[in-house]
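Peer 1: Sequence:
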Amino acid sequence: MKYPRENLLESVELCCVRGDNMLFEDLNFAIDAGDICQVHGANGAGKTSLLRLLCGLSIPESGEVRWNGAAIDDQPDAFRSALAYIGHHNGIKGELNPKENLESTRALMPCRDDIEPVAALERVGLYGYEDIPCRYLSAGQKRRVAIARLLLSSAPLWILDEPVTALDVDGVRDFQLLLEAHANAGGMVVITSHQPLRFGSVDTRMIQL
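The opening position of the sequence shown corresponds to residue 1 in this note's numbering, with each subsequent residue numbered one higher.
Be careful, since some hints might not be right.
[To be verified] Derived CB-CB ranges, DEER-like:
id: 1; residue 1: Leu96; residue 2: Leu197; range: 25 to 31 angstroms
id: 2; residue 1: Gly69; residue 2: Tyr127; range: 29 to 35 angstroms
id: 3; residue 1: Asp74; residue 2: Pro133; range: 18 to 24 angstroms
id: 4; residue 1: Pro196; residue 2: Asp77; range: 34 to 40 angstroms
id: 5; residue 1: Gly19; residue 2: Asp113; range: 42 to 48 angstroms
[As the list claims (entries may be wrong)] Calculated lysine to any residue pairs in the SDA-like style (CA-CA distance at most 20 angstroms, straight line):
id: 6; residue 1: Lys93; residue 2: Pro76
id: 7; residue 1: Lys2; residue 2: Arg80
id: 8; residue 1: Lys2; residue 2: Ser154
id: 9; residue 1: Lys2; residue 2: Asp35
id: 10; residue 1: Lys93; residue 2: Asp73
What the hints contain is simulated information worked out from the structure, not anything from laboratory work.
The beta-carbon is built from N, C-alpha and C at its ideal position, and this holds for glycine as well.
Construct the entire structure; sequences and hints are all you get.
Peer 2: Written out as structure tokens, the structure reads:
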């Protein structure tokens, strides 16, 4: 799948306060189509808070997030259709099997028409697990189901908070290749990770909090 090369995500003078703590202020950056941006910082520096602001899940103390030149608050439907988000929780239902979870995803959000749920599960290493209720899967397997949802999504912008948590070495390697392919197709990635991630075919940007 190819994405428009004119897509642009901007942080404009963002300021984030939690309790009595100023996590960051006057934060400015832009992410273009084809970019992978890694957010770094010590625990408590505000990495998750920044990602929630970029997704529109939290409100900044001041400043704004813009998508293609307009504030995301002014175009909520357009921005939601452009966004795929993975947080600390997988966002899957334990009583459903992986295939059913992905079918629910297809019913609720814009998805690609060139990949089926079973094919997405096979690509993340879950061939043979399609019909097992997710509550019986390991933590790493549940994370792979969440990643399979990305494969179905037609959203150009992926915002990912510690997505490789619980993945084994092979899972991390395959996930890095998935992100590279997304960026090379004109997609955009903003990611936090305690594990160092390296992308051979894509230049990465760093934001230090």
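Peer 1: Under the criterion that the straight-line Cα-Cα distance not exceed 20 angstroms, is the pair Lys2, Asp35 satisfied?
Peer 2: Answer holds: Lys2 to Asp35 is near 14 angstroms, not above 20 angstroms.
Peer 1: Is the straight-line distance between the alpha-carbon of Lys93 and that of Asp73 20 angstroms or less?
Peer 2: violated (29 angstroms)
Peer 1: Does Arg80 lie within 20 angstroms of Lys2 when you go C-alpha to C-alpha?
Peer 2: Given pair Lys2, Arg80 holds - Cα atoms ~19 angstroms apart, limit 20 angstroms.
Peer 1: Does 29 to 35 angstroms hold as the CB distance between Gly69 and Tyr127, or does it fail?
Peer 2: violated (42 angstroms)
Peer 1: Lying within 18 to 24 angstroms: is that true of the beta-carbon distance Asp74 to Pro133?
Peer 2: violated (41 angstroms)
Peer 1: Indicate whether the distance between the beta carbons of Gly19 and Asp113 respects the range 42 to 48 angstroms.
Peer 2: holds (45 angstroms)
Peer 1: Given the hint of 34 to 40 angstroms, is the C-beta distance from Pro196 to Asp77 inside that range or not?
Peer 2: holds (37 angstroms)
Peer 1: Between the beta carbons of Leu96 and Leu197, is the distance compatible with 25 to 31 angstroms?
Peer 2: This hint holds: roughly 30 angstroms between Cβ atoms.
Peer 1: For Lys2 and Ser154, compute the direct alpha-carbon distance and say whether it is at most 20 angstroms.
Peer 2: holds (10 angstroms)
Peer 1: Is Lys93 within 20 angstroms of Pro76, Cα to Cα?
Peer 2: violated (26 angstroms)
Comparing the model with each numbered hint stated earlier shows that hints 2, 3, 6 and 10 do not hold.
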